Amino acid sequence: MAQQRRALWNAEVDLEEDVDLSMAIGTYGTTVYDEAHISQPQIDESTMVAMQQHMAQQAAFSQIPDPVKSFIIHFHQAVLEKNLAEITVAYESGWNKFTEKFYARTEWPEAELIAPLVNDDPIFLILYRELYFRHVYSRLQPNIDDRFHSYENSCELFNYLLNSDGPVELELPEQWLWDIIDEFIYQYQVFCTWRSKSASKTPDELTLLAEGGPVWSSYSVLNVLYSLMQKSKISEYMIAQRAGKSQEEIAEIVGDFGQKPLYRMLGYFSIIGLLRVHVHLGDFTLALKVLQSVDLNQKSPFTRVTACHVATYYYVGFCYIMLRRYPDAIRTFVTVLNFIMRMRQYHTRSYQYDQINKTADRMYALFALCHALAPSRLDDNIANIAKEKYGEQYTKMTRGGPDALAAFEELFLYACPKFVTANGPPYEDADAIEKLMATSGEPESPTQASAQQTDCTHRHLELFLADVAAQQPVPTLRGFLKLYTSLGTKKIANFLDADEEELVQEMMVLKQASRSISRVAGAAESTGLLEGEMITTSDLNFVIDENMVHIAESTVGRRYAGWFIKNTERAQKILDDLKNLPLPPPTRSAPTASATSTTDPTSQSKPTRPGGGPKVAWGSVKVAG
Amino acid sequence: MTSEWLSPPTRSEIIENLVSGVDRYNPANVSILEDYLYHQLRTGEYDCLANLAILKLYQFNSELYNPDVIINILIKALTTCPLPDFNLCLSLLDERLINTPLEEPDPLPVILPELKTLHNLLYRCRFPAFWDAYRSDELEQLRDNYTVEIVGFENAIRAVAIRAVRTTFTKISSDRLGSYLSLSDDLVQYVKSLGWSIDPSTTVISLPPNPDNQIEATVVQESIKLPQLTKIIAHARS
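Quick mapping for you: the protein sequence lines, in order, are chains Y and E.
First residue of the first sequence: 1, per full-length UniProt numbering; consecutive thereafter.
First residue of the second sequence: 1, per full-length UniProt numbering; consecutive thereafter.
This is chain E alone, in the form it adopts within the complex (with noise of 0.2 Å):
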């Protein structure tokens, strides 16, 4: 389940080696790991590791403070929600007491708090409301500026929503999946690339089950497994 997580299939030796060995505290070795990062936003690709090294050469390095990387980062890192990317991506962002003048304006501080609220909305599963968020004037500069160079986004955001409802729902009504996933038109087409099937009269839409979407009330009987009883087998040999 983690392993991919750990160690995605895409992830190159260079890279492996940078995110287990000590290279990865070599501050020379961060734009090979920034130029990974973009390869993951023209891919689609993720790599949660391999970008929490590239912040912790920030932190150790604050000379090398990219607020355009840390940002694409944070981006990247919503999508895994709710697992814990978006905090473990914060949790290394130290707080800049210097600021060594930019070329340009610095953005983070005003995107960050935007970011900080998406991913709550995300974790609290309120998916409409991260689609208006998202799309509403104020975002304005984050679409335009970041996620729109990020491939794939918005279908990695409807993956998070699509995971929540697949644990939840045996059937959900069009309606609502709709607004999970800000779709009318094409979700006819989506909700058929999932597998999934829909009943033309009622549009209501039906979930192949899966273990979390089973429900049955249990009663759980213990197990005894071999090595418990090794004790006493082997006294009963001697």
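The shape of chain Y in the complex, shown without the other chains (with noise of 0.2 Å):
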């Protein structure tokens, strides 16, 4: 009953887990792309005259770079033959050489254009496509036609995958997948953002907008995804593991296409970016209630893509801050950053290192929004890192008051996702829309202020900021309990000139404020993300008595163990090595033994020692403990 609550610094977090790095550090391509590699490219020198001489009358064709064709068929070739490393090499290096060197500004060529090259297959086309739009996503301004073009490429391809009778034979990296399935999302986003912009709209993208119907329409995006995963099986494959069943038991639970790599993959990353469009429609609850069967460490198998891990850990860290779980949010960055931090020396070398680097830097900002809110003693080295990189904005948010509020904003805008709503103006309707883009054309008019509240990330905004808001007395009132052991709400209330009935209200806020329902450590492995029960935040902790206020603090002794134990595992490691090393040589003559032996007490006793293995010699050497 009188149990106190188990404090945040108290429950043990297993963040010490062992990362295998190893596993993350396969995805990047050690190798660059050499064009070496395809001097020789495997269609016979007379086939390809014979395309060239077909396509003749094109002049674009030969506009094309050689090497860019040679790359084309190489690639081409790699996907044909399932050759996954010579696959990667050509899409994660040798697609971005190119680009630097002939398509930095422009288009790749059309697959149209390419198709001969790779005899009009279909599937490679549709890849290549996947690419083509990338890059003019990427490098350039995608115009309407790419935007609903893209769109049809995407549902080809997972048309493909999901339609065919069994599983299709076409594997492609991990990474790809990934970025399949991200870009898709991404470009989702982007359109939802693009088409809520009626005002700028050109008649022609009006009229194409408004017969556009399905396309990018949020529930043909969640369709896609819920289908990867329902195909793949991904869920039943999951909870079939944490379950210990054997490889037969789950290959006969997901069955033909689930069993495949590249189905197993794209139904992970699926889920993953369910997760992603659920936050971007401000659904929090459901965005981490799809991760469900996930099991969030570091040694799942899915860690092997690491934008896909980061990615996800940002995301989940994000739900957590609207959902008020300040200390679970922590918890969820510092995790990934240690990750991110240990990872650098090898993902310099990943073409997504930028990307990486950016969402790290803004987990560091939310990190120290979270800090600000619920101060934590969880990991001193990411917070020092926080707070070197948002030191200015940190120191603001943790003194209150009004500069406080225009900190959180400042870091919330820089650091929060994308957010978009469902459904665009309604197109389809032309009374509607020109209503819509009378009102919104002009100029200085009070609509113009209702537009931009009506901006998505405004309104989730306003929701953080009024809670951050609601606890902007807080510092202040905490500083002032640490100097008290006991003091009446009178005297609390004169110092801060305040009145004594509001400043009780106030105290309870506080203590609200030091309370957060967290996901508990050791029980968490299994349960969902959602779930959690509450913990005390804060050292400070009081009660009221009538009108006297009680205080209390904890301390955190020392902490040993750590060290202890990590010493005692090194001092094993060394021994271990020591034991496997090769004794001596056991060609040592006579004279050398002669002379070393003033030195060696041990060969003097037992100069006739053989040479046997290390194993023998070192056996009678107890370890101690």
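No wet-lab data here; the hints were simulated from the structure.
Since the structure is predicted, the reported quantities are computational estimates derived from the model, not experimental observations.
In this text, a Cβ means the ideal position worked out from N, Cα and C, and glycines have one as well.
Mixed in with the good hints there might be a few duds.
Claimed, not checked - DSS-like mimics (lysine-lysine), calculated; alpha carbons at most 25 Å apart, straight line: (1) Y/Lys490 <-> E/Lys171; (2) Y/Lys97 <-> Y/Lys260; (3) Y/Lys245 <-> Y/Lys231; (4) Y/Lys579 <-> E/Lys171; (5) Y/Lys82 <-> Y/Lys197; (6) Y/Lys197 <-> Y/Lys482; (7) E/Lys171 <-> Y/Lys491; (8) E/Lys225 <-> Y/Lys566; (9) Y/Lys245 <-> Y/Lys82; (10) Y/Lys573 <-> E/Lys231; (11) E/Lys231 <-> Y/Lys566; (12) E/Lys231 <-> Y/Lys482; (13) E/Lys225 <-> Y/Lys573; (14) Y/Lys566 <-> Y/Lys579.
What the hints assert, rightly or not - In silico negatives: residues of chain E with every beta carbon more than 10 Å from chain Y: (15) Ile71; (16) Glu95; (17) Pro113; (18) Arg126; (19) Asn145; (20) Val148; (21) Thr167; (22) Gly195.
Take the two lone chains and join them into the complex the hints point to.
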């Protein structure tokens, strides 16, 4: 009954989880795309010539630089042969290399143009277009045709994967599969944002949007993700794995599709994709609910794709913030930020290095934000980096007052995900859209201000800031109470120049701010991300006895165990290494033996020691403990 | 702690399937969920995730928009403060760009700011101010058209105050608690029903100890758990 709440710092958090770096590193191609590879294209020259002739009339074709042509042929060949290593090299290194060289500011050649190079292979052309559009989105300005066509192409790809009778004969690197899902959602989000700005649309665009129908609709995007999950039976797979079922049993459960790495990975990435879509749409509970069957730990094979790993934690952490579960958010960010730090030396090589770093910076900002709201000592290292990066804002946020809100707003806007509205303006309804454009078109009209508010990012910001504002007096009050062990409420009210009753109510807010629902380590492994129990998040505790406040502070004793455990393990490892070292060679001749004998008493006492294996020689040494 | 919030014991299997499955996206199911909401209003039950599922359907299908349902969901969400339910509901309310003609004038634009104010007062534990605002003339429409239909609404708000008081106080004066609960004559009765005791001479109310209103200065010592030592122990065996 009178038992204390479990305190945050007392709940040992398994942050020290071993990360299998090698698993994650494996995805970074260590090889660089090498043109020498393809100097002898697999297609013989006569075919090449025949194809060239066939296309001779197309001037455009001849404008494609030869290295690019060879690259495409080689790429196609790698896909046909399901040679994952070669595909990875072409995908991660070759494509980017030729983009820099020839297509830094223009589109890659149209798929129709390069079709003859790949024997009109429809699948390869879909994949090629996937890359083509991704390049347009990331480097150039997509026009409305690009937006529509990239959607159609994605649909073609997913239809091909989902509607075939059996699993398709295609293998792609995991990184690419993640990028396909990630890009699909990215393009959806960009489209929604673009669509919501009705004022700047040209008549042509309006017509196309009016006839657009399901293009990039929220329903169709969710449909794709859920279909991939169902096809791959990924949830069943993960549940079966958690239950420790055998390979054969799992194979039976997941069926033909689910056994293929291509489908399994797509299924998994679709879950993460759903998490992201729901966050974009502002549904933070559902976002965490879809991750129900996912074990968020660093040992899962799904951490192999670092970009996915990082994105997952970013979105989960953000959901926790919106659920007012700051300790959980902090823990989530700390885990992945440590991971990124340890990975740094490896992922400099990744073509996604910049992207990962940007996300990491955002997470440091969110961490600073949570840390200001719920101070914890979870990881001083990360806290220090966050304070270094956002020191100014952090000081303001912890000090309270009007500056604090501005600092919270600044960091939130910088670090929050993009938000979209599920439905765009009613383009299909000509009257309604005309009315809408008429109102939003007038400059400086009052609706301009409301257009600002319709921005869904601001809606979420407003909600978050309202929460923060409610906690504004907390830092001051807390600092005050730290100085006393008991104090009358009237006295505090006088100090703060506040009404006593107001102050007492504020004390309840302080208490509320020192409690949070949190996933408790240990039990957390198999329970959903939404589960949790109430914990104390502050080391300062108090209680009001009518009009007297009693204050107690908890202090954390020094921690020795970690240090001893680490060093014991280190000593054991050294011992193991020593044991495994070969003994000095048995060819030691008598003269050398006698030469060393002065310094080596054992060799003196047993000069005839046989040169047996190290095990024998060291067998008698007892390991302490 | 959260398991009841995630899945209230009163939730039927049909609702559970809707909340957890892909059927939640099917607009045809909205009436089942709306019926369930009205069932919650009549019985005093509460199911946040099911109500969020309604708002999700509204978000995707703007033609389903029903302001009365939204208002009722928001009122129910008020009663779980300081859990984030109210904000979670607001997060799903996309701004309506089209005003599909409704049969009656849309009450939401008027009532939404009122509810936000009420929520703010609750979240900031300003319980006396909450009751003043709630009972004010301006909020007559809210009371007469909505909260009057919600069984146990006022007691649910009192429960919010009780939760805050329970964590903060060991003793509280009757006047103060009365102002939080908006009770005067019935206060003694109410306090007794909570199992709290009241001193007849001073009318000071004593709260039984609970994990939150017990404080002691502690030094947190680390506790070493077996898994931390598995490597060392395993090594010693080899």
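Is E/Lys171 close enough to Y/Lys491, meaning Cα to Cα at most 25 Å? At roughly 18 Å apart (the allowed maximum being 25 Å), Y/Lys491 and E/Lys171 satisfy the hint.
Would the hint linking E/Lys225 and Y/Lys566 be met if the CA-CA limit is 25 Å? 14 Å, holds
Take the C-alpha atoms of Y/Lys245 and Y/Lys82, compute the straight-line distance between them, and say whether it is at most 25 Å. 29 Å, violated
Checking one constraint from the list: CA of E/Lys225 to CA of Y/Lys573, max 25 Å. Satisfied? 21 Å, holds
Mind verifying the non-interface call on E/Glu95? Its CB should be farther than 10 Å from each CB in chain Y. 4 Å, violated
Should the label of E/Asn145 as a non-interface residue stand, given a Cβ cut-off of 10 Å to chain Y? At roughly 25 Å from the nearest Cβ of chain Y, E/Asn145 sits farther out than 10 Å, so the non-interface label holds.
Would you check the hint for Y/Lys566 and Y/Lys579, treating anything up to 25 Å between C-alpha atoms as holding? This hinted pair holds, its Cα atoms lying about 20 Å apart.
Straight-line alpha-carbon gap Y/Lys197 to Y/Lys482, limit 25 Å: Violated, at roughly 51 Å.
Are all C-beta atoms of chain Y more than 10 Å from that of E/Gly195? 12 Å, holds
Satisfaction of hint between Y/Lys566 and E/Lys231, Cα-Cα up to 25 Å: 10 Å, holds
Regarding the pair Y/Lys82 and Y/Lys197, is the alpha-carbon distance no greater than 25 Å? Given that 25 Å is the threshold and the Cα spacing comes to 43 Å, the pair is violated.
Is it correct that the beta-carbon of E/Val148 has no partner in chain Y closer than or equal to 10 Å? 27 Å, holds
In this structure, the earlier hints numbered 2, 4, 5, 6, 9, 12, 16, 18 and 21 are contradicted, and the remaining ones agree with it.
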